[in-house]
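Assemble the whole structure, with the sequences as input and the hints as a guide.
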Amino acid sequence: MLLLKNAMIYPLTDEASFVGDVLCDNGKIQEIGKNLAADNAQILDLTGFNLLPGLVDCHSHTGLTPGGEIGGLAYATDTEDPVSADMHVIYSADPHHPCYRYAVENGVTTVGVIPGSSDVIDGIGFASRTWGDSIFDMCLKRNICLKLSLGENPKGMFQGYGKEPDSRMGVTFILEEYFADAKAYMDKKERGEDVPYNAKYEAAIPVLKGEMYARIHCTHNDMASAIQCLTKYGVKFTIEHAWGAGNYLDEIAESGCGIVYGPIGGRKSFYESRFVDVDSVAKLDERGVMCCLTVDSPLEGIDSLVSHMEQAVREGADPMHVLKMVTIHPATVMGLEDRIGSIETGKDANFAVFKGLPGTDMGACVVYTIGEGEILYKREL
Amino acid sequence: MILKNATIHVGNGEVFQGDMKIADGKIAGVGKELSGDEERDMAGREIFPGFIDSGNFLGTQDMAFHAKDYNENSSPITPHLDIWHSIDPDEICLQEFYKAGITSVVVTPGNEGILAGTCAVMKTKGRNINKMTVRRDVALKVSMTKEVINVFKNKGGPKTPMSLVNMLKDALGRTSYGESYREQRTKEVMDAVKAGRMPLLVACENVCEIERFMDATAAYPEMKIIITLSYEADRAAELIRSRNASVVLGDTSRYSIQLQHKINFAGLVDMAEKGTKFGLTVLGPDMAWGREMLLWNASKLMQTCTDSEMITRMLTENPAELFGVSDRVGMLKAGMDADYIIFEGNPIEKCGARLLETVINGETVYRA
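Just so you know, the protein sequences line up as chains A and B, in that order.
Each residue of the first sequence is one higher than the one before, counting from 1 in our numbering.
Each residue of the second sequence is one higher than the one before, counting from 1001 in our numbering.
These aren't lab readings, by the way, just hints derived from the structure by calculation.
A portion of the hints provided could be inaccurate.
Said to hold, decoys possible - Taking lysine to aspartate or glutamate and the DMTMM-like style, the derived pairs with C-alpha atoms no more than 20 Å apart in a straight line are: (1) B:Lys1099 - A:Glu315; (2) B:Lys1350 - A:Asp318; (3) A:Lys268 - B:Asp1062; (4) B:Lys1187 - B:Asp1062.
Dropping the structure here:
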């Protein structure tokens, strides 16, 4: 048992912050209140610190490299076929990769590990704890999403090989074709027709039934293509990266999709990274669109999740809403909103304890990370 | 014009409530109870000198990465070159540094040459390069990083840090120069460097590179050294102090560079508190990044720093002084260029501090 005392608690539910205690037992939050006591509990005095749910980045490529290489993405997409819907990225993941421990040191207790963006239909992601020895034990939930990509990345991967896609329109056609064919496959199966098993189309069925998110890498005008294609099938989806979303505020809000914005901080360059419009996060949030922030680890270090929060606030977002963009919102995108992402009785006892409040105070930093009731990290102050 | 009743951060650590007078693109006066024709009430506003990035290659590459004019990859030793000729004002403007309150940038050659060329201090908004220039030949860019070896290993070397150091030593040790324009320009730059009239801006990703550079240049005590990137500078803190060198901290986010170098922000703050001058930049090992990242580093340093004005100085007075332009920019004082930024709140202390206006040479270039 672990008893957290006298913290400024940010539940990130409808409830405002308050000073109080949290009792953790068997990896779960057992009780939240004031003046809690428990025999045999380890007590952690958090007077003066802010207690947040463990941070969540639902768009991560942590550990998808050979040999623990820090900056790389070599195992993130298969790239043999632009339609790689049957690839499960959990089989590429290295739990001993240093980015996992690094996530713990930065208050992140859950990551959505998803395929990269070099195929059009990239594969299936999973939600992982950031600590542990076996990726299969660390896994909180498999099949969190079917990852899709439009634009420069899949185009660049396949261009020049004499087969589709060789252009942007070729990329988008493959997406449309995949969903049309997968839908026809599913319909035939449901009508009881005899159709040969197709693993790639099988991957789309939970998406088409609204049981799993499609998460599509796209930016500015690619968003229009993505929204057009995915709304046709009524699927739940998020727009990943979402640079240039400020030009498509109406379409995004009307489609009901979520936004996973980031990474921020690159230089403005050709095509899709011309319009890194962080202020659109504030505008979408005001319209009730569910927004998350991502650093796209390891493209940017997970340490910069706090920098991303700061930047969103700097460009107009509400600091309390920004806290949700790295906790309960990404938890919801992964279908884990009943288990992680807020401080509520019965949820996993995952916490990030901060000196200062991230997104409000410059210099805010993690002093403890707690995962399922265990202190995983302590900063020497 | 008079800006009345503002909180004025001079840029050198001083902060006071007062007024600032602007005339003809210059600061005409800073003090209490100034008066004039046009008065603007600035109560509740905080005014800082425009921030300065301490050295990246803004403006020398195009958006599509086709023009990479920051590296002259024909030879690793090109101290005769001047980055100013590679700068495209439109490319500077496109990166919109002024929207983050950055009004000047030390524009430098990249990290691919050992002695890559001289640097220039430029304003971040304009169309005419002459009007945007604060000063040229403000430093000679040096690189000790693996980027040099990556580029030149199959082009005559260096293939290893050993040959890189030899090439550096040879260039510094040269005493006879020919009469040609090229030779005389090289001599002018190298003499200025060795005599300490022109600082060296030395890219070092790790502590070995810092130690190598210090060893290779030990015979030149007059040299003015500014280490940049500097991710492991705290591990050479004594050595850096012993040469009276300064430190510019590069981008720490991209490619998980903080993890790669186990960057010790507390150690860097400790160096600054003990007197080593610091600047900040968005430069990374192989690329210069976006305007946002300057304040990200400020925040990381604020984790252990208790004096926000010390961090402010890293963006104002320090770079101006290090690069010899403190007569023009970096402080709010009479006679300086009217480069200032108006905030609601203090951006070094609060993330939600809002940039309301950026002014360069007395002209508003950005308004929220």
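Now the hints, each set against the structure:
no., hint, result
1, B:Lys1099 - A:Glu315, "holds (11 Å)"
2, B:Lys1350 - A:Asp318, "holds (13 Å)"
3, A:Lys268 - B:Asp1062, "holds (10 Å)"
4, B:Lys1187 - B:Asp1062, "violated (32 Å)"
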